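2 protein chains.
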Amino acid sequence: MRTLTFQRVTFTMGLPLLKRAIQDQVEKTRNFVSRSLVIGEVLSMADMATGVKCGIIYWLFGGAIRSLGGPAHVTQWLQPLQEQKYTGMFAMTERGHGSNVRAIQTEATFDFSAQEFVIDTPCKNAEKMYIGNAMYGNYAAVFAQLIINGRSQGPHCFIVPVRDENGSLYPGVTVVDMMHKEGLHGVDNGILRFDSVRIPRENLLDKFGSVGPDGQYHSPIKDKSARFNAMLAALTPSRLAVTFQAMGSMKLGLTIAIRYSHSRRQFGPKAREEVKIIEHQTQTLRLMPHLATALALTFASRYAGTLLDEDIFRGKELVDSRPLQALVAGLKAYSTWENVSCLQDCRECTGGMGYMMENQISGLKCDTDVFVTFEGDNVVMLQVVVRELLAQYTKQCEERPVSSLLRNWVESGSDRLRTSFLAFNMDTVGHLTFLLKAVHFRERILQRGLVARIYYKVMTEKEDFFSAWNSCLHHITCLSLAHIHRVTLEQFCLAVRNCPDQEDQDLLKQFCLLYGTKLVFQERAWYLEHKYLTPMTSMRIRRQARC
Amino acid sequence: MRTLTFQRVTFTMGLPLLKRAIQDQVEKTRNFVSRSLVIGEVLSMADMATGVKCGIIYWLFGGAIRSLGGPAHVTQWLQPLQEQKYTGMFAMTERGHGSNVRAIQTEATFDFSAQEFVIDTPCKNAEKMYIGNAMYGNYAAVFAQLIINGRSQGPHCFIVPVRDENGSLYPGVTVVDMMHKEGLHGVDNGILRFDSVRIPRENLLDKFGSVGPDGQYHSPIKDKSARFNAMLAALTPSRLAVTFQAMGSMKLGLTIAIRYSHSRRQFGPKAREEVKIIEHQTQTLRLMPHLATALALTFASRYAGTLLDEDIFRGKELVDSRPLQALVAGLKAYSTWENVSCLQDCRECTGGMGYMMENQISGLKCDTDVFVTFEGDNVVMLQVVVRELLAQYTKQCEERPVSSLLRNWVESGSDRLRTSFLAFNMDTVGHLTFLLKAVHFRERILQRGLVARIYYKVMTEKEDFFSAWNSCLHHITCLSLAHIHRVTLEQFCLAVRNCPDQEDQDLLKQFCLLYGTKLVFQERAWYLEHKYLTPMTSMRIRRQARC
Numbered sequence: 001m002r003t004l005t006f007q008r009v010t011f012t013m014g015l016p017l018l019k020r021a022i023q024d025q026v027e028k029t030r031n032f033v034s035r036s037l038v039i040g041e042v043l044s045m046a047d048m049a050t051g052v053k054c055g056i057i058y059w060l061f062g063g064a065i066r067s068l069g070g071p072a073h074v075t076q077w078l079q080p081l082q083e084q085k086y087t088g089m090f091a092m093t094e095r096g097h098g099s100n101v102r103a104i105q106t107e108a109t110f111d112f113s114a115q116e117f118v119i120d121t122p123c124k125n126a127e128k129m130y131i132g133n134a135m136y137g138n139y140a141a142v143f144a145q146l147i148i149n150g151r152s153q154g155p156h157c158f159i160v161p162v163r164d165e166n167g168s169l170y171p172g173v174t175v176v177d178m179m180h181k182e183g184l185h186g187v188d189n190g191i192l193r194f195d196s197v198r199i200p201r202e203n204l205l206d207k208f209g210s211v212g213p214d215g216q217y218h219s220p221i222k223d224k225s226a227r228f229n230a231m232l233a234a235l236t237p238s239r240l241a242v243t244f245q246a247m248g249s250m251k252l253g254l255t256i257a258i259r260y261s262h263s264r265r266q267f268g269p270k271a272r273e274e275v276k277i278i279e280h281q282t283q284t285l286r287l288m289p290h291l292a293t294a295l296a297l298t299f300a301s302r303y304a305g306t307l308l309d310e311d312i313f314r315g316k317e318l319v320d321s322r323p324l325q326a327l328v329a330g331l332k333a334y335s336t337w338e339n340v341s342c343l344q345d346c347r348e349c350t351g352g353m354g355y356m357m358e359n360q361i362s363g364l365k366c367d368t369d370v371f372v373t374f375e376g377d378n379v380v381m382l383q384v385v386v387r388e389l390l391a392q393y394t395k396q397c398e399e400r401p402v403s404s405l406l407r408n409w410v411e412s413g414s415d416r417l418r419t420s421f422l423a424f425n426m427d428t429v430g431h432l433t434f435l436l437k438a439v440h441f442r443e444r445i446l447q448r449g450l451v452a453r454i455y456y457k458v459m460t461e462k463e464d465f466f467s468a469w470n471s472c473l474h475h476i477t478c479l480s481l482a483h484i485h486r487v488t489l490e491q492f493c494l495a496v497r498n499c500p501d502q503e504d505q506d507l508l509k510q511f512c513l514l515y516g517t518k519l520v521f522q523e524r525a526w527y528l529e530h531k532y533l534t535p536m537t538s539m540r541i542r543r544q545a546r547c
Numbered sequence: 001m002r003t004l005t006f007q008r009v010t011f012t013m014g015l016p017l018l019k020r021a022i023q024d025q026v027e028k029t030r031n032f033v034s035r036s037l038v039i040g041e042v043l044s045m046a047d048m049a050t051g052v053k054c055g056i057i058y059w060l061f062g063g064a065i066r067s068l069g070g071p072a073h074v075t076q077w078l079q080p081l082q083e084q085k086y087t088g089m090f091a092m093t094e095r096g097h098g099s100n101v102r103a104i105q106t107e108a109t110f111d112f113s114a115q116e117f118v119i120d121t122p123c124k125n126a127e128k129m130y131i132g133n134a135m136y137g138n139y140a141a142v143f144a145q146l147i148i149n150g151r152s153q154g155p156h157c158f159i160v161p162v163r164d165e166n167g168s169l170y171p172g173v174t175v176v177d178m179m180h181k182e183g184l185h186g187v188d189n190g191i192l193r194f195d196s197v198r199i200p201r202e203n204l205l206d207k208f209g210s211v212g213p214d215g216q217y218h219s220p221i222k223d224k225s226a227r228f229n230a231m232l233a234a235l236t237p238s239r240l241a242v243t244f245q246a247m248g249s250m251k252l253g254l255t256i257a258i259r260y261s262h263s264r265r266q267f268g269p270k271a272r273e274e275v276k277i278i279e280h281q282t283q284t285l286r287l288m289p290h291l292a293t294a295l296a297l298t299f300a301s302r303y304a305g306t307l308l309d310e311d312i313f314r315g316k317e318l319v320d321s322r323p324l325q326a327l328v329a330g331l332k333a334y335s336t337w338e339n340v341s342c343l344q345d346c347r348e349c350t351g352g353m354g355y356m357m358e359n360q361i362s363g364l365k366c367d368t369d370v371f372v373t374f375e376g377d378n379v380v381m382l383q384v385v386v387r388e389l390l391a392q393y394t395k396q397c398e399e400r401p402v403s404s405l406l407r408n409w410v411e412s413g414s415d416r417l418r419t420s421f422l423a424f425n426m427d428t429v430g431h432l433t434f435l436l437k438a439v440h441f442r443e444r445i446l447q448r449g450l451v452a453r454i455y456y457k458v459m460t461e462k463e464d465f466f467s468a469w470n471s472c473l474h475h476i477t478c479l480s481l482a483h484i485h486r487v488t489l490e491q492f493c494l495a496v497r498n499c500p501d502q503e504d505q506d507l508l509k510q511f512c513l514l515y516g517t518k519l520v521f522q523e524r525a526w527y528l529e530h531k532y533l534t535p536m537t538s539m540r541i542r543r544q545a546r547c
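Protein sequence lines correspond, in order, to chains A and H. So the first sequence is numbered by the UniProt record's numbering: it starts at 1 and just counts up by one. So the second sequence is numbered by the UniProt record's numbering: it starts at 1 and just counts up by one.
Just so you know, the hints here were simulated from the structure itself, not pulled from any lab data. Please note that the accuracy of each hint is not assured.
A pair counts as met if it fits within one copy or between any two copies, since identical chains are not told apart.
[Said to hold, decoys possible] Below, in silico cross-link-like pairs of lysine to aspartate or glutamate (EDC-like), each with a Cα-Cα straight-line distance of 20 Å or less:
#, residue 1, residue 2
1, 181, 47
2, 85, 24
3, 276, 464
4, 181, 345
5, 124, 358
6, 276, 463
7, 124, 273
8, 124, 274
9, 222, 317
10, 270, 463
11, 124, 107
12, 270, 223
13, 270, 461
14, 457, 279
Just so you know, these numbers come straight off a predicted model, no measurement behind them.
Whole structure, please, built from the sequences with the hints as guidance.
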């Protein structure tokens, strides 16, 4: 399976379209991110393991070089990567630190006399784990604490040779096969250990921190924590790539399940032909909202891709685009969870057929299940979203410091009045404007509530920040998803408005309404609690969700 | 993998405890069902494929003989099955009919002169499909339309020889390996085709319908549809066995995930040791309600087992126990869905580790995913529940025919008043009585609403029953689950009351409260819409669910 996947990767990356895509990455051609993302989506529909493995080599390894290295690194490493002279891997996660990557323990100690870094795995918890392409790859982008004169400058990324072109490991490198997983059997994950592996000084990807021949450390960002944030932010495109892969998976699963539901017949009126199972009310109710979500995610993630492209084209550091960071982290969590739930329904709605590997749905499920974990656990991603939102909010408040808190409360009150009035109006429930206002309202109220809670805990109760934050985690995840839902619905509405063909537009609008209704429907308890909906309006939305 | 599983089955069934369990089944010893169910649960925790394969041979094949055959069949077939002289399979599902099994097309035509039945697969849709143990089994319990003089008496079950003790197929039998599935790789599923396979007249399991030497058909149940219902009802114990297997899976998954969460550390207060991940609010909120549900299901399914045992011991036909039929069908759907959702959270809460096969959770997920489909698709199961509930309800109404409808409405009104009053009382939200009343209320209102809707559609609007039923399918599934939730919470409360140890009781009570709170919390929108909860009480329940 792994050999086959490796052959597929080689074949795929030899295709002119894909060679061009890597070349665009090297040249930073306008919109290269969006184009690559769509290629990734299509590739993952053809074969998920191939898509993921290409992602590891070109998005993660290649992306690290492009985003964290200087121009010399790009020339030296990306060109031969495109020509398939070698393949790479991305070694960030360690046994001891998967989510809290800032605390990784692998060491890169600068040896002044040799002008080299010495890469070491000081303990079992520092082993690099789950590393994709570990059994085949030649080079690894290794994250390690950069140590100069016994002092750490925080995690940095280094190119470390793992095995030569004949596949023999270099001295000091140990690789252990991690063997069987739930899915992605074509992707070889392994454990890496380094024992005094020496690499030239130039192998440090030095965009955010460099070491001169004199052993002096230089960085454009003074604060260690801010520096690492900038590095992580630079890797944003590969995070968005997961969303595109998850969408590919949803679309393929839905295509199979919906087509099957239109051909399979079971039960029916007495003495008449059995009906197509799509005509069973529950079948439609289970599948159609997923289709609406897949469409919504398409527009939201393309929007994120466009923003990324603009920032990169303008040479803006991604860490400075807080809303974009929040959006990409949130989309990763939202899309991968939606994918899990969508495929589960596709599997169940196709009965025994859905359980057979030959019909693809169960294979897709197993392959993509890990998407909720990789490139950052979803619950951690949602925290990233809120951290970015709060940073924005705090900035806003600082700009109008005097009466900001009071004013917020007043605004919140008038919101409630205005929207409750809307909710009493019979006609509006079925309108996109009603749904848009509702998701807006939810996001705002959750955000203000969270700010107030954390402020109270930290400032009044003197709790330490970690425990205050932790006791609000559920609130945080709700706000995070509310934010992503709002942006996603907005982008869907824009797509409807900009659709050039009338017939397409009508159809798209129906799905947009279904999507918005689903969002409000699933949170209607919250809307009722906040008196945004009356019981009667809520029941009307319930009926609307059933159509 | 299949060979290994076969060896495990052979070894397991040779254990004295299990030989005794089969012997109990032969002798119909008191409480033999409950004891076997628990053995099934434990076995499935040791190895799911072994558990499922034992289930096929002893519950499904053996159960068909015990429940559908006469005493002679039991003596002739169960004894050698227990001694492992041969193994069996259960062949009901066909390519064309999985859920609507009443419409299966395999034929068993009586040949008077030879005193034999001729088993035939008349078309591709009549092929027996997904048959477990198809690649190893010697005999199959085959469901086929019993045809005498060109007229079908509906589906009956026949013992059909498939292969001899050396593994060679008998003439006229074709078996096709169905190969790869999402999980249960140790279970061999296949397709069976019959071409004029002749079996002696005695191989008809004739408890509910027999053919004499004179070719005359006899049955204690005149109506064909009622007769088939009686046969299906007799197979109830094997349906309950799936619930026990799903519980075994949940308990194993939770044990692994919760223990891991108590040892893994990630993130923490500044400059202090990282905290155990169970201390992250979201981790507890994701895992603990599943643990509460696993406990609740334990008591509810043991209760169902006890009822089954009593009925069987008293010689009562299971089809006459409508509440029991509803309970077992509902528990099968509820428990298998809860298992899917529980394992998904266990998988996600253990991160990358949860994706590795060696840590069992992902394997359990793949193995048990099909539980939502087999022994009857869950959505079909929920319809069985409501069919039984409505049959009870109709009977009730018939007994007090004059003012029944009016009276129902009055009762419904007073319910609302009484319970709304409760909801305003601050103290009661955290009490089991409050939660019990709430789930009762929901079930009653949903049931009355459904009766009224169907009555209106069929009697007033003159819709045909199928389309009326179909347009209420969502309502039906809600009622079904509401019923099972109510019974499950009641059984959990009883278990708390009867717990002999004070410390255990206190702990159990906490989980019982959590379970009840979860039930009301997840439906709080509905309670708000029905003014059973006020927004303030609802928020209180929200806080309670967060504890």
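Evaluated hints:
no. : hint      : verdict
1   : 181 x 47  : both (17 Å within a copy, 18 Å between copies)
2   : 85 x 24   : within (18 Å within a copy, 69 Å between copies)
3   : 276 x 464 : between (59 Å within a copy, 17 Å between copies)
4   : 181 x 345 : between (22 Å within a copy, 17 Å between copies)
5   : 124 x 358 : between (40 Å within a copy, 19 Å between copies)
6   : 276 x 463 : between (59 Å within a copy, 19 Å between copies)
7   : 124 x 273 : between (65 Å within a copy, 18 Å between copies)
8   : 124 x 274 : between (61 Å within a copy, 17 Å between copies)
9   : 222 x 317 : within (16 Å within a copy, 80 Å between copies)
10  : 270 x 463 : between (67 Å within a copy, 13 Å between copies)
11  : 124 x 107 : within (13 Å within a copy, 64 Å between copies)
12  : 270 x 223 : between (75 Å within a copy, 16 Å between copies)
13  : 270 x 461 : between (68 Å within a copy, 18 Å between copies)
14  : 457 x 279 : between (53 Å within a copy, 18 Å between copies)
Every hint, counting from the list given before, is met by this structure.
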